[in-house]
Amino acid sequence: MKKIEAIIKPFKLDDVKDALNEIGIKGMTISEVKGYGRQKGHQEIYRGAEYVVDFIPKVKLEIIVDAGQAPQVVEKIRESAYTGKIGDGKIFVFPLEEVIRVRTGERGNEAI
Amino acid sequence: MPQIQGGDTAFVLIAAALVFLMTPGLALFYGGMVRSKNVLGTIMQSFIIISVVSLEWIYVGYSMSFGPDVGGLIGNLSWMGLKGVGAAPNPDYGPTIPQTVFMIYQCMFAVITPALITGAFAERMRFGPFLLFSLLWTIVVYNPVCHWVWGAGGWLKAKGVLDFAGGLVVHLTSGAAALAAALVLGRRKGYGKENFLPHNLPMTLLGAGILWFGWFGFNAGSALAANAVAGTAFVSTHLAGMSGMAMWVLLEWVHRGRPTTLGAASGAIAGLATVTPAAGFVSPNSAVIIGLLAGVCCYMAVNAKGKFGYDDSLDVVGIHGVGGLLGTLCLGLFATKAVNPGGADGLFAGNPGFFGVQALAVSIVAVYAFVVSWVLLKLVDVLVGLRLPREKEIEGLDLSEHSETAYNA
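Here the protein sequences come in this chain order: A and B. According to the working numbering, the first sequence is numbered sequentially starting from 93. According to the working numbering, the second sequence is numbered sequentially starting from 165.
In case anyone wonders, no lab produced these hints; they're calculated from the structure. Possibly wrong hints are sitting among the right ones.
Claimed, not checked - With the C-beta cut set under 10 Å, the calculated list includes, among others, these residues of chain B facing chain A:
| no. | residue |
| --- | --- |
| 1 | M197 |
| 2 | R199 |
| 3 | N359 |
| 4 | L361 |
| 5 | N364 |
| 6 | L365 |
| 7 | H419 |
| 8 | R420 |
| 9 | G421 |
| 10 | L426 |
| 11 | S430 |
| 12 | Y463 |
| 13 | D509 |
| 14 | P516 |
The beta carbon of each residue, even a glycine, is placed where N, CA and C say it ideally should be.
Isolated chain A, as found in the complex (with noise of 0.2 Å):
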């Protein structure tokens, strides 16, 4: 099993949903975050006072899948994230030791 996590753009969201939708990803967890890597931050100006935002909104997606799958969703992923501009995002990959069900204790594969 796999962990996979993503850092997109939050307006691309809604388009990774629908294409790991289409792959059978059944869920997912998400939430909205901040950082920053090549894109950078942004300048904001408050009554004539300049601030550098160095934390931009990104929206990270959680998502568990059987081992073999990961590729493909990985490239789902890509795909529906990509708009060619600085600031897209990241995908990891992790290796996943257990997922445990709370409701009926299903275990592994079965769980996810």
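Use these hints to put chain B onto chain A, whose structure you have.
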């Protein structure tokens, strides 16, 4: 024998309610500009003043401000607890309305004035010492200046100084006190390094809207009668507010490349504050010019703050101090008896003497308010300490002073 007029009484009562609403409006205006950890503490500083100053007003303030004159400097305390202040009109203070109505209308002015100062020491002052300072300030700065300018027998009034609705009494006193407060308290922790981003500008814009609405009561109501002067003041108020907003937004658009919502709100308040002393004494065209000048001068003052390095956090000096000063001088330029025969002719109507009197009043009130505020702040600081300890400032006013948080999602 003065005769109570129902129309005038109803008008001034409604105006009093409008001015009252400005203090909660100010709370929102300021509250949106601070960081989210300080929003309740900031709102509370305006709200609680409604209680503190209203009490002060009933028992001491009204008598000191408007009571029987002592040497032109102060009213005596014979009207303490509103003794003798009843339904009968006072010929000096609205001859067609009950004196109680005048008293409560003026109460709302006394309330909002110290509330204005809170923007200067936002995000770093302890609650108790803030209350003590505000109470003392109202007694030794607001009441005397109010008496000098508006009280029967007041020495500036006797010199011919005019202040229609509080350019000197409200905006210049609070602006000068704000400068003293910013200097005595020092900068917020992280000044120049951290970003002090406003946490909720829609709240600030709502506050600005409420302030503007209330300002019609503040200025038009100062005619103390539902008459032509009230109409003049109402029109001036709106015209200066809108031209202040337009000018500020235009300037920042050219200067910084973006028109901002905070700029729009700031420009409107600058225009409204600046026209306050002049509202009932100038023509509509003059009001537009006053608003445009307010946009320019207050924008420049707020931008210059960074160069001086004091942390007047929410720009009370740049907007209310400069606005009150500019407006009082503008009245000296633009006043004309053609608009209000009860007023005066200013420089442009061929009377340079009146401009001189206004300039004198500005210097005296600014210096008095600054010096006494500075002394009071130092005194309260020595007695109980004004400033939050470092870790509490980092935690924020809401938790450290009030054990609350504004947003619990």
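Results for each hint:
no., hint, result
1, M197, "8 Å, holds"
2, R199, "12 Å, violated"
3, N359, "4 Å, holds"
4, L361, "6 Å, holds"
5, N364, "13 Å, violated"
6, L365, "9 Å, holds"
7, H419, "8 Å, holds"
8, R420, "5 Å, holds"
9, G421, "8 Å, holds"
10, L426, "6 Å, holds"
11, S430, "6 Å, holds"
12, Y463, "8 Å, holds"
13, D509, "37 Å, violated"
14, P516, "35 Å, violated"
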